[in-house]
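S.K.: These protein sequence lines map, in sequence, to chains A and B. FYI, the numbering for the first sequence is 67 to 395, going by this note's numbering. FYI, the numbering for the second sequence is 459 to 720, going by this note's numbering.
Hints in this document: simulated from the structure, not taken from any laboratory. All values derive from a computational prediction rather than experimental measurement. Any given hint could be a false lead.
Claimed, not checked - Interface residues of chain B toward chain A, partial, derived using beta-carbon atoms under 10 angstroms:
hint, residue
1, Ala-524
2, Leu-526
3, Pro-544
4, Asp-554
5, Leu-557
6, Tyr-558
7, Pro-559
8, Trp-560
9, Arg-562
10, Leu-569
11, Leu-571
12, Pro-601
13, Ala-617
14, Ile-626
Ideal Cβ placement from N, Cα and C applies to all residues, glycine included.
This is what each chain is made of:
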Amino acid sequence: MSSVDATTLNPPVAFKVGWPGLAVIGAWLAVALLISYWPNATRDWPMTQGLAHLCVGVAAVFGVSSVAGRRFARLGLRLRGAASWLIALPLLLGIWELLTAKLALLPVPFFAPPQALLAVYVEDYVRLADSLLHSALLLGAGVALGAATGFIAGVAIGWSTRIGYWLHPVLRILGPVPSTALLPLCFFLFPSSWSASVFLIALATWFPVTVLTWSGVASVDKAYYDVARTLGAKQPFLIFKVAIPAALPHVFVGLFMGLGASFSTLVVAEMMGVKSGIGWYLQWAQGWAAYANMYAALLIMALACSGLISGLFRLRDHLLAWQKGAMKW
Amino acid sequence: MVALATAVEAAAGLALRIENLSHGFALDGEHLPVLQRVSLDVAAGEFVALLGPSGCGKSTLLRLVAGLEPADSGRLLADGEPISGPDPSRVVVFQDPTLYPWRRVWDNVALGLEAQGLLKTHAAKVDEALERVGLSQFARAFPRQLSGGMAQRVALARALVNQPRLLILDEPLGKLDSLTRITMQKELIDLWQRQGYTALLVTHDVEEALLLANRVIVFSDRPATLQAQLTIERPYPRHRDDPYLVDLRRQILGLLGLGENW
Numbered sequence: 067m068s069s070v071d072a073t074t075l076n077p078p079v080a081f082k083v084g085w086p087g088l089a090v091i092g093a094w095l096a097v098a099l100l101i102s103y104w105p106n107a108t109r110d111w112p113m114t115q116g117l118a119h120l121c122v123g124v125a126a127v128f129g130v131s132s133v134a135g136r137r138f139a140r141l142g143l144r145l146r147g148a149a150s151w152l153i154a155l156p157l158l159l160g161i162w163e164l165l166t167a168k169l170a171l172l173p174v175p176f177f178a179p180p181q182a183l184l185a186v187y188v189e190d191y192v193r194l195a196d197s198l199l200h201s202a203l204l205l206g207a208g209v210a211l212g213a214a215t216g217f218i219a220g221v222a223i224g225w226s227t228r229i230g231y232w233l234h235p236v237l238r239i240l241g242p243v244p245s246t247a248l249l250p251l252c253f254f255l256f257p258s259s260w261s262a263s264v265f266l267i268a269l270a271t272w273f274p275v276t277v278l279t280w281s282g283v284a285s286v287d288k289a290y291y292d293v294a295r296t297l298g299a300k301q302p303f304l305i306f307k308v309a310i311p312a313a314l315p316h317v318f319v320g321l322f323m324g325l326g327a328s329f330s331t332l333v334v335a336e337m338m339g340v341k342s343g344i345g346w347y348l349q350w351a352q353g354w355a356a357y358a359n360m361y362a363a364l365l366i367m368a369l370a371c372s373g374l375i376s377g378l379f380r381l382r383d384h385l386l387a388w389q390k391g392a393m394k395w
Numbered sequence: 459m460v461a462l463a464t465a466v467e468a469a470a471g472l473a474l475r476i477e478n479l480s481h482g483f484a485l486d487g488e489h490l491p492v493l494q495r496v497s498l499d500v501a502a503g504e505f506v507a508l509l510g511p512s513g514c515g516k517s518t519l520l521r522l523v524a525g526l527e528p529a530d531s532g533r534l535l536a537d538g539e540p541i542s543g544p545d546p547s548r549v550v551v552f553q554d555p556t557l558y559p560w561r562r563v564w565d566n567v568a569l570g571l572e573a574q575g576l577l578k579t580h581a582a583k584v585d586e587a588l589e590r591v592g593l594s595q596f597a598r599a600f601p602r603q604l605s606g607g608m609a610q611r612v613a614l615a616r617a618l619v620n621q622p623r624l625l626i627l628d629e630p631l632g633k634l635d636s637l638t639r640i641t642m643q644k645e646l647i648d649l650w651q652r653q654g655y656t657a658l659l660v661t662h663d664v665e666e667a668l669l670l671a672n673r674v675i676v677f678s679d680r681p682a683t684l685q686a687q688l689t690i691e692r693p694y695p696r697h698r699d700d701p702y703l704v705d706l707r708r709q710i711l712g713l714l715g716l717g718e719n720w
């Protein structure tokens, strides 16, 4: 549908969009047909037709946007970049569908077919959304606290030997302890499991942010300070306009590590004590042998964590635009 | 604002007096003397070049004059006032441009004004300084996008924007290719003649010292003492093939122990 009307205005673009575009639409329609008309093997999964409709919907959305991509260059470019994945995804979906629902080659309660996940999203979205919200609040509070205190502590240790004298031993003893190991202790030290979890997530974030900020501040080229001082800079200028911007690349490495550590602390905390959130949902689904719910929650978690990391990368790219050849996420 | 304006109009160089200056470093627990009883007078508006063997302590002397470190003993006077710390009237241009990579060229040049809280009222000076070194078009560029010579010119603009009364040049052209060096040497002379500041230049290049300076000071090996002074009475622009300068160069190289074999 996109190559037939290849216009003479921009034939090379039309040609490039054309065949891969048709292949994408064809693949999604093919997997829709497979889901819809191949009979399910062991049981009649609900939402089987729903999944087929969804695939047709994806094909339609792609068709519309690739036509729009002719007009909006950026959209067209993104679609072309993603074309191979857009073909691979329905193929993988088809294989998954065959192995589970259609041929039942994988043991059934443990491996759910894709339509079961879709059913979970449709039936249980309220609880999933609620879990996601609670996880986000807990993670947000912990990471914000840990990143802020870690940044301040790192700058302080890197800058002032007197503060470093007191903070450094604390950092060395407390920092490397896996924060999940402190979980039982914190659950009875803190008034609520929520505040205990915030503390632990903050701790998990705090350590790498502190160490990397510290190393960033400590490794600032001393000549930068000389330059600023001869130009009349005082202490606050040296900290806020020289040390901190120069240390930012390190700080971001610390933030990435801290964010990663915070994810695992969050999930463990939710599994062990907090009575809401995605981690709790996972535990709960497993307890009821509701494996489809578990996969559904895992998928949401993967997308959410990936989204957060992407967001952090965007922030970094924005703040560190001056860096050459920075890694792209 | 008024004070700054008068300083500009006075455009006066600063008279520097160095009296019995000694300085050293602790190296592996031992005291390493670097400067020994150095005395030197630099008149306002003079261009003085310091030559000496590598590692003899010339750069240390500049750091002391800039006020970046306190001297072990002896006195440093700027217009009769003891130097107790860095001051924007005495600006250093280092061998490396040391531009801040996270700041655009314009913001790098604005550094001194920003640090002194003068940026709001004096932003036009930044444009002026960039114009003077011929880099107005690169105001929005990041330092990584500049060539070595351009970066050093930005560093020069960053120094000039503060209307220094003493410009301290620590081998500022040391890392540039020879063609860029020649252009920059011309620019340095131009700026000095126009602005009237006092200039103190450390260099390893005898020819450069002879082309730029009113007076060349030759230091001995570490601990550095004053070995010789040569006044160069030649108008600018000077030419490197001038027989008078060629003769002086031979003399100086002899003083540095390289008379025979170059």
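S.K.: Look at each hint and say if it fits the structure.
M.R.: For each hint, the structure was consulted:
{"no.": "1", "hint": "Ala-524", "in the structure": "5 angstroms, holds"}
{"no.": "2", "hint": "Leu-526", "in the structure": "6 angstroms, holds"}
{"no.": "3", "hint": "Pro-544", "in the structure": "4 angstroms, holds"}
{"no.": "4", "hint": "Asp-554", "in the structure": "7 angstroms, holds"}
{"no.": "5", "hint": "Leu-557", "in the structure": "9 angstroms, holds"}
{"no.": "6", "hint": "Tyr-558", "in the structure": "7 angstroms, holds"}
{"no.": "7", "hint": "Pro-559", "in the structure": "6 angstroms, holds"}
{"no.": "8", "hint": "Trp-560", "in the structure": "5 angstroms, holds"}
{"no.": "9", "hint": "Arg-562", "in the structure": "8 angstroms, holds"}
{"no.": "10", "hint": "Leu-569", "in the structure": "6 angstroms, holds"}
{"no.": "11", "hint": "Leu-571", "in the structure": "8 angstroms, holds"}
{"no.": "12", "hint": "Pro-601", "in the structure": "8 angstroms, holds"}
{"no.": "13", "hint": "Ala-617", "in the structure": "8 angstroms, holds"}
{"no.": "14", "hint": "Ile-626", "in the structure": "8 angstroms, holds"}
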